[in-house]
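Asks: Read off the chains here:
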Amino acid sequence: MSKYSEIAAQGLWKNNPGLVQLLGLCPLLAVTATITNALGLGVATLLVLIGSNVLVSLVRDFVPKEIRIPVFVMIIAALVTCVQLLINAYAYNLYLSLGIFLPLIVTNCVIIGRAEAFASRNSLAHSAFDGLMMGLGFTAVLVVLGASRELLGQGTLFGGADLLLGDWASVLTIHVWHVDTPFLLAMLPPGAFIGMGLLIALKNVIDSRVNAMQPKVESVSVTRARITKVN
Amino acid sequence: MAFKIASSPHVSTTLHTNTVMKRVALCLIPGIAVQSYYFGYGTLVQLLLAITVAYLAEAAVMKLRNRNITATLKDNSALVTASLLAVAIPPLAPWWLIVIGTLFAIVIVKQLYGGLGNNVFNPAMAAYVLLLISFPVQMTSWVAPQTLTVNYADMLHTFNSIFQLNAGYAADFFHLAIDGTTMATPLDTLKTDLSMGLTTTESMTKTIFSGSVGEGWFWVNMAYLVGGLVMLKLKVIRWHISGAIVLTLFVCASIGFLISPDTFVSPIMHLFSGGTMLAAFFIATDPVTAATSPRGRLIFGAMIGLLIYLIRTFGGYPDAVAFAVLLANMCAPFIDYYVRPRSYGHRVGN
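Going down the list, the sequences are from chains X and Y. Take 1 as the starting number for the first sequence in the numbering used here and just add one per residue. Take 1 as the starting number for the second sequence in the numbering used here and just add one per residue.
Quick caveat, the hints were computed from the structure, so don't treat them as lab data.
Below are the DSS-like pairs computed for lysine-lysine, each with C-alpha atoms no more than 30 Å apart in a straight line:
| # | chain 1 | residue 1 | chain 2 | residue 2 |
| --- | --- | --- | --- | --- |
| 1 | X | LYS203 | Y | LYS63 |
| 2 | Y | LYS74 | Y | LYS63 |
| 3 | Y | LYS74 | Y | LYS22 |
| 4 | Y | LYS233 | Y | LYS22 |
| 5 | Y | LYS63 | Y | LYS22 |
| 6 | X | LYS216 | Y | LYS63 |
Assemble the whole structure, with the sequences as input and the hints as a guide.
Replies: Here it is, written out as structure tokens:
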């Protein structure tokens, strides 16, 4: 089990694809203007990531090393197409608002990175779990960034939730405060960059606080008496 | 030629940061005074707000960073940043505009990069650009000059507008706009008119220009010019950057104006309207974010002058000072890398 908890810790915190590996920055910065968009893209990435990790893990022994990258990319592209068609069918408005970033999941470095670095070397169960945890870690970063940008920019949370979940979900929209004029910077890409920088800084602060609280391990240093003269 | 014989001691001291900054702030005073005369008390209120917020923000960050708070506050750099931002934004803009801008300038642009001396961008101008792209409506509604409007914003009106004491900001704001207390700046008006097919001469017949470069704007720019010349005299700044900006802008504008006086703004308008003089003497000369060698400064200033002209003439925003300064800030390390003064005993470039 310790392998599973290690995978979970890696995906959710220590090696978080959004905050530490800084992979998939393009969708991370482009679609996180609202929680709804962030959640939609996060879940889509999560599904593709689990699927690709499973498939890559299954075929890892049959794919020649030289052509593994094209094979992985084709597997990912097939999965992305499936997810894209599903979203097109069941959440058409979300499909419209995510736009080009949905098919662009295929170029998301998180997915190819995990396929190459993890799934092609580990068993099916481990790979699937790794896909789930990396996907959750990525989605969490997307949602936190989306929430802060939406809150600053429009003063709402879950604005347009009906795009994702159907008409009943419009009750989920929370108007935290009313703004006469939207804070455009938070909704524009520069705001995403600044917010991302602040999130990474926050993670580093938490890490250093946690490290400072760890008990110090006494290191035993052995010194050897020098028997030859130093020139 | 008579030799001037000075008595000892011959040791000269260099100026400390707090003295330099204090003198910059003092030299801003004529400009602020003229601006308040033409555009109302708003500027003074904004100035007060900005300085308060800047000092509080600086103290808070210093506390977080476990640094000496009083030593940092005494260097007066927060005072200058706050003043520059406060005179740049519209006098009747709501209070949260200047608060957001000042916080951004001090906390993110200055302190997150490591504090005074480490910032890549001019804090006041970065904050101005943040406000301009975030709140374009508020940032482009300048106050009508006092001499042109009947509904001159008195003290009460100013406070109401800035602190939104009644009816909320939005309602009050547009109410004012109808009454003619706020209007576009001369540069903005000219730009809109040119895009609508009017010639400069036709556009300049409007009252806001008063036949020259815009009511009030000429004297505001003259006051900043005087303040800048005093700074030159006090050796707070050197002439290279300001001279290069003014000269480049003048040359570019003259070329355009000579080619087609109907569609290009006159050089006098370029030099004495908008924020030209403020930028040339107070903003671009920031020693931290400008190039350092004399030749580098000439290039840096010429670049700002050219960019101001290009963005004003072909860009989407009415004034271009902030964008020009930020773009030149980005190039300053690059300029410094290629323009190294020769040190004595070495060849060029070593």
